[in-house]
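Student: Sequence:
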Amino acid sequence: MNSKLKTEISPPKYALPEDFQAIADQCMPFTQEEVLGTYCSTWKITNFSTLEGRVRGPTFETEDLKWDLLLFPKGNNQNDVVSIYLELASLHEEQHKQDEDFHACAQFLICISDPNDPTHYATHAAQHRFNKYEADWGFTQYINHKELIEGSNDKPPFLVDDTVVLTAIVRLIKDPTGVLWHNFINYDSKKMTGYVGLYNQGATCYMNSLFQSLYFTNYFRLAVYQIPTVNDEPSDSIALALQRLFFNLQFCNYAVSTTELTRSFGWNTVDAFMQRDVQEFNRLLQENLERKMKGTPADGSIKKLFVGKMKSYVKCINVEYESSRTEDYYDIQLNVKGCKDLKESFNNYIEVETLEGDNKYMAEGHGLQDAKKGVIFESFPPVLHLQLKRFEYDMLRDTMIKINDRHEFPPTIDLEPYLSENADKSTSHQYVLHGVLVHTGDTGGGHYFAFVRPTKEEKWFKFDDDRVTPATLKEVLEDNYGGEALNTHPKLRNMKRSTNAYMLVYIRESMQDEILREVTINDIPEHLVERFKREQAEIERINKQRAEQHLYTKVYLVSDKSFQMNMGQDFVQGDQEDKENQPPIVIRTVRKDITLKMFLEETVKEYNTSSDFFRFWILLNRDGQTVRLGILPTEEEQNMTLEEIRQAHHPDYPYVRLYIEGALSDPVTGFPSFPDVRTEYNLIFIKLFDHNSQRIRGIGKLYVHVDDPISSIEDEVNRMCGFSEGTPLNIYEEIDNETIEYVEKSETFSERRIENGDIFCVERELTPEQNQVLKDRYACTNAADYLISLQHRIMVTFVPRHNHADDFDLVLRTDMGYEELVFRLAEAIDCDPSHIRLMTPDFYGNPKSTVKPMENLTLWDIIQTMPPCAGDPPRLFFEVLSMSLSEFAKNKIVKLNVCYPTLSQVTSYEVIVKKNAQLIDLVNDIRDKFNIADEEEIRFFQVENHKFKGELDYNKIATDEIPIYVEAIPKEELEKAEEDFYIDVYHYQRDLARTHSIPFKFLIIKDELFKDTKRRLQRRTGLGDKDWSKVKVNIVSKFISCITDDDYKLSEHHFTKDEALGLDHYDATHQPISEKSLFIKE
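Its first residue numbered 1, the sequence shown is counted upward by one per residue in full-length UniProt numbering.
These are calculated hints, taken from the structure and not from any lab test. Backbone N, C-alpha and C define an ideal beta-carbon position, used for all residues, glycine too. Incorrect hints may have been included.
To be verified - Here are the computed lysine to aspartate or glutamate pairs in the EDC-like style, where the Cα-Cα straight-line distance is at most 20 Å:
1) Lys848 with Asp960
2) Lys1030 with Asp1067
3) Lys1049 with Glu979
4) Lys892 with Glu961
Claimed, not checked - DEER-style ranges, computed between Cβ atoms:
5) Gln250 with Pro58: 29 to 39 Å
6) Glu392 with Asp414: 27 to 37 Å
7) His366 with Arg994: 46 to 56 Å
8) Leu1009 with Gly441: 44 to 54 Å
9) Ala889 with Lys971: 41 to 51 Å
With the sequences and hints as input, model every part of the structure.
Tutor: Structural data, given as structure tokens:
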């Protein structure tokens, strides 16, 4: 192999070979790996010009390894250069030839020097993992002949008197993991580590890293197995899909797919290509599994494993008063910025804030008081998930940024100092590191992987999607602290690393045996083992079938019924079925070595008759990519094998195509007979085009004498069509998909050059008036136009934009213009075409751009503007306007979210108004639409990130850029007293950053008891008693203050400008803000 590094002419400071150690230190690549030893070997070459094309140098040893140099004096497939490689000669020894694992890692220098001056030399440096597949490594363009023989840059040549000296300096490097400098070609994770990885679907590396961590939390794996899933379907059951994922991770020998699991989440391909926040995904997953575990043997497992308790408190300094609230947590978010290590992050988390001066605390019964505010831990769970806040919002840049500061975390940590005084400290709170989830990159993109210690042993492994490798403790800790790397080359500038830990998993040391106990096949429910083994057996059956498929061939078999099912072009269409769901093409997989005659006998058994009543035709391709009857096999061909038939007639296809023809009954004897289609007769097929339904279909076949005029078949065709005798007909010949010719009925079949298998299309003759009616409705007026139009046929899904009617599909043509497009749509929904507005979807499948009518605009032009994820069939949104589209263009659309009668009953709709319309102009329309009484006043307001942004004045111009929220002002606000005041209220789920639902402006009434305030809040939100019982009402700012006293008066609390009321409850809406929200279906 070849390594390209620039030749360095070293100053005459050191001499070879005496100073080889110093030269190695100066010229070899810097490495932090452990060096096992440095060795030197010299090869003096005389008569250089007489050497053969390939020369192996003398063998030398380093410890128990043997090496040599491979020299190509005239270059290795190169001109005017010398090629030199270092070879691990030990690989040629018998005991190592077949050893896949035998390897050596080495840095090396190959030096060339003047035989008379050992201080004049040049070096090339490289490092490599030598193994049976790459036994040598070096430099194809080591030195050019001119530099070797004549020198360069005033330097003398290296070749003197046809003699030169080559020196190999080899530094052996310890491979602590077995994968140092591995190229991972033919790498087997299971063989190397005992574990397998997970395939990345596109951007699911964040999910893969979490699943590996959860899988090796063995107690959790056992709990997942205990969820009852006997009757579940994998695509609809998250629990079953996760059980299968864990089972496969344990018992498969290759990487495992997560596609089934993400499908059970309700995700599509777009979702799999969107990177998400691991913490948010983990919480959604845990909440979903908790609900699935209710009432099962696994009930409570997640809380037992992952849930701890923390207390938020405000404690007065000068009086005996404390307000506190204890709540569960599933993970802890710790600051990285400003904290050098994990201990500082914990200290920062429980840091106490003093409320004093203008920020004093209103203590019930004590008035404004100096107080201390903070949080403290009441308990830590057995498995502790720590989220390191590597990402934050930069106000100045108005964007998210990644914090790459150095932040150290230890292999073990004592968390007792962070517990409250009253916490249970009877057992040790010493925790050991179990997993490190890593992000490399920045906010614009990156990659996730994980380090996990599966057992109590100090053996770490790196799980990077489908690859698993052993890892050192340095790789786990130091390499993921972030910041500048330590112990780097003194001459190199240190840079902040963008690879760092963002989630840590610690396990309580005293519970490791319970949490990490081995999971065996006996721990998995029997129904799961049987199910997964059946599935594995089916996979093996399919694999076996694939392995034996070279013995079989496919036969595509069509019949008269197949032709009669055809409602399109050509002889038969493979994508159509009849009312009994019978496919038009019967596909048989049969052995290649049976004869055509044997296959006919097998086929006619279905008809309970003799093979005398049927015969095969071989279907062949004609010009224009059409398929027609081709050859009627001779007696000799009937005795050929199917593979011989395929090779003779379908060499470019992996199958044989046959038409089975039924015999006529002899009118005298009743015996089966076939007309002589080789000389006197042709077998042709007839299609009928119906103008009214705009459909074509096969109706049968005819045997026609070659010398008869085409008009001779009119009576029989009328009978086949069900027409009256003498009905005038137009006849067309379907030559290929682009050529449909009108047939002069006075011609004979031979004059027309009709062949076996040709297709005639027939139709009634129309009057001029009938023709015009069809043109007015953009319909095809003849069979030829209709068949050609099928070339441009496409299915389009139309989605009503506002009402809740179902989507529907229309079969259209890509070449149709805009006017015909809206005509077809209007015809389907029964409306005025000029009132239809079409919209293309955005990347997330939501309506985005209005399709503007333009001259020569076709449906295909519209489809080309859609994003790749628009779907198949493509989707178009539409709405029926109250005015024509041309009139609509003079107006604008205002998006309204009307929250009436409560904030939980939100109706989104759009209203068309003049360009300069004000909000006051919308009031009457809103009142009429929602039956809002005149005495109820209306409020317009804006929302940003689910927080109340501000009330809008009636005189403000109605914007069409962002949605406007509307509500009826509550009665108590119309009766507001002077002492009453407003406060903002918003919803969140556990984390203050996870806001959701509709925020609002809320009136705090003087001296109102908190229990009455909560009743007003419930009425305002519109939540039922069951949902409201799960809501926690808190005073929120940087911290969360829980109100537990129902007799407390909020009017006595001194609200700072940063404080609001927070309603903490589960987000059941999953409403997207600016992008598609992360979700896992119920």
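Student: Work down the list of hints and note, for each, if the structure agrees.
Tutor: Consistency of the hints with the structure:
The suggested pairing of lysine 848 with aspartate 960 holds, with an alpha-carbon distance near 13 Å, which does not exceed 20 Å. Our distance criterion of 20 Å between C-alpha atoms is met by lysine 1030 and aspartate 1067, whose separation comes to about 11 Å. Taking the CA atoms of lysine 1049 and glutamate 979, the gap is near 13 Å; set against the 20 Å cutoff, the hint holds. Restraint check for lysine 892 and glutamate 961: satisfied, since their Cα atoms lie roughly 10 Å apart, inside the 20 Å limit.
Roughly 52 Å separates the CB atoms of glutamine 250 and proline 58, a value that falls outside the hinted 29 to 39 Å. At roughly 28 Å, the beta carbons of glutamate 392 and aspartate 414 sit within the given window of 27 to 37 Å. Between histidine 366 and arginine 994, the C-beta spacing of about 34 Å breaks the proposed range 46 to 56 Å. Between leucine 1009 and glycine 441, the C-beta spacing of about 53 Å keeps the proposed range 44 to 54 Å intact.
Between alanine 889 and lysine 971 the beta carbon distance is about 42 Å. The supplied range of 41 to 51 Å therefore holds.
The structure fails hints 5 and 7 (numbered hints given earlier, in ascending order).
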